[in-house]
Amino acid sequence: MPAKPAGLHRRLGERWRHSLRFRVVLTTVVGSTVVILVLVPVLLGRITAGILGTKEASALAEATAARSEAQRLLDASSAQGSPAPASRRIDAVVAAMGARGAQAGLFEVLMLSSEPRGLSATPERGSNLVSERSVPARMREIVAGSQRQAWTYTTIRYTDGREVPGFVVGAPLAVPDVGPYELYQLFPLVQEQETLQLVRNSTVVASAFIILGLALLAAAVTYWLVTPVHDAARTARRFSAGNLDARMRVRGEDDLAQLAVSFNEMAGTLQAQIRDMEQMSKVQQRFVADVSHELRTPLTTVRMAADLLHEKRGELPPDDARAVELLQNQLNRFEALLADLLETSRQDSGAVQMDYEEVDLRALAEGVAGSLAPLAEQTGSAVTVSGDERVQVVCDAMRVERILGNLLANALEHGEGRPVLVQVRRDARGAELAVTDHGIGLSEEQLASVFTRFWRADPSRVRRIGGTGLGLSIALGDARAHGGSLTAAGAPGHGATFTLRLPRAPRGSGVLPGAVG
Amino acid sequence: MWMTCGKSREAGATMLPVRPRVLVVDDDTDLAEMLGIVLRSEGMAPSFCYDGREALPSFRRDSPDLVLLDLMLPGLDGLAVCRQLRAESNVPIVMLTARGDTVDVVEGLQSGADDYIVKPFKPKELVARIQARLRRLEETANDVLAIGDVLVDLGAHAVTRDGRAIPVTPLEFDLLAALAARPGHAFSREQLLADVWGYRHAGDTRLVNVHVQRLRGKVERDPENPEVIVTVRGVGYRAGPP
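Those protein sequence lines, which keep their order, are chains G and W. Those letters in the first sequence? Residues 78 to 594, by the numbering used here. Those letters in the second sequence? Residues 347 to 588, by the numbering used here.
These aren't lab readings, by the way, just hints derived from the structure by calculation. Please note that the accuracy of each hint is not assured.
[As the list claims (entries may be wrong)] Over 12 Å on every C-beta distance to chain W, these chain G residues come out as not near it, computed from the model:
hint, residue
1, R94
2, Q350
3, Q500
4, A511
5, L524
[Stated by the list, open to error] Derived list of chain G stretches under chain W, where covered just means 3 residues or more per stretch with a C-beta under 8 Å from a C-beta of chain W:
hint, stretch
6, 96 to 103
7, 488 to 498
In this text the structure is predicted, and so the values were computed from the model without any measurement. Glycine residues also receive a C-beta, built at the ideal position from the N, C-alpha and C atoms.
One chain only, chain G, in its complex shape (with noise of 0.2 Å):
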């Protein structure tokens, strides 16, 4: 179980970070939020002070009245000659403030003696049943001891055990022959409690319409603004994808649109930039392939020529023989370059036509391996080819000889003399050829240019094979052709090796994996 709210706690981060509308909407509720919680503590105080305050001040001047009325009935009834019991004349005064009190707004009176308790029988008395706890004992003390007027909010409480809010005012009274009395007026607050309450209550409610007022206002204007910049987002991708197409929609005239204006304007100039280099790149391309092609014919008539003095080299003087030698062999070089940079040409143009079949990588390779026996010979190094019998994959037969007997004849090349290695190896997505030389190796610096065009490792080295310097960067675009890879890794002294994935048929081939062996 730990793991769930873990989990949902991850799920809300991701979501904060990913969602903006998730973050406007969460930051409005929390931000309305805590406005609220500061602004509705002080309004609900104004509103409570102002309401009791209008009946502390009525039920002040009404205990005034009422106070100087009881006294002068105390008076009166004492200045009688015979006076009646005190129990009497207190019910009387009692009975008196209960009509005001009931006249004037309802409060309930109670008449508590000053003197200390069970020492005289002193009656005290209080209309409907009020108990006399209900005035606080500090408030009794201030009114009894300093013999003015107090008032408190409190506790109503009757012997029945009802309790109501309320607010009471003490004030003393002399009740002739008797002694020290204080007159409680009780005003419940019944009334005022439930107006507060309602209140309360009503800006509880309306706050939570507001919070939710202002998530979902949050929510649509986010959703205006956010639904372009996705829109934006989007056909962004889209055309970094290639489609040099894709446009936002412009709607109205607002700052959105405008963003969308822009953004299309800017694609616009993108794309034309593009077409243009496309156009450039492409007459080039079709430069090379031109131009390659334009030196075949005369090449043709040179070569046939040159083959012709070469047949006859044994009839001419030395040094002619020698230079029709020499001929032959840089028409060859000639020859193997023309043929590479054409190949590279359509490699760059994406003229390349692959032709499919179904081949067993590792015949293919004992085959390569073989045709390459006499470099082996003369290099010293000896070739084994070892791994996975019956590799089948789909692939261009003669595109992959040619990587492979470019890889061999490398590691022949940079060997050094000593073993080469060519494993196959089947994998889950395909096959895997890798050609190891334990030869000079290659630095870390090499690794990254070793499929340039025309870059060679060590210029200054005796080259046996005489390279275009294309070979490598030919078998990567041969490699890449069929949706495979052609890596180098290596380091110096510890030889280098090539590793070529092929799928295990290409996407395209239009041939079934599977259909044989």
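Based on these hints, arrange chain W on the given structure of chain G.
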């Protein structure tokens, strides 16, 4: 239709025609002259034509044993010349082309050329190609072989179905005969290139593919579902059961 071949056959009781006549169709005069020197040194009799439009009249006049045809020609291009020649003769045609890749070669083969050679080539290579195309005339067996429902009469050099002759070029005849000679054997393209085209090293397997397609168009009842020349997946072709 069989004019040229018939002639060659009379001459071909021995290995090669005494002095095989080769028509060189090429606009590059230096190259043509050089080709002439090489061909003469190999005991052949070259004649020349420098314009595509002149090719057919020259062919009719010289009735050569083989045509060496450059694909890039002024006037009428090599493909069109090839189709013209094929329309009235089964003479072996070897194309010269500067572009060995691309569709040029396939189009050339589809237009009826038997073989091609890419510039620049070595004289020996060219001579080998030409001789391979001429040498097929020496066959003298008298068997009649069955391939699918087609009969290949080696003696009469004729291909028939239900007694009706099917016109094929000498190369196509060789291809059929090679397949029919070993019924049920699956020939690889490389093997056919060696047996029929005379390649000693690896050749272009498109040669086999294109010619099988052309030949199927002639000998199959339904070229979409071949029964005479059957494809063996991953290997090559074999003769259909009689």
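Structure-based check of each hint:
| no. | hint | in the structure |
| --- | --- | --- |
| 1 | R94 | holds, 52 Å |
| 2 | Q350 | holds, 30 Å |
| 3 | Q500 | holds, 24 Å |
| 4 | A511 | holds, 24 Å |
| 5 | L524 | holds, 31 Å |
| 6 | 96 to 103 | violated (count 0) |
| 7 | 488 to 498 | violated (count 0) |
Violated hints, listed in ascending order, are 6, 7; each of the other numbered hints is respected by the structure.
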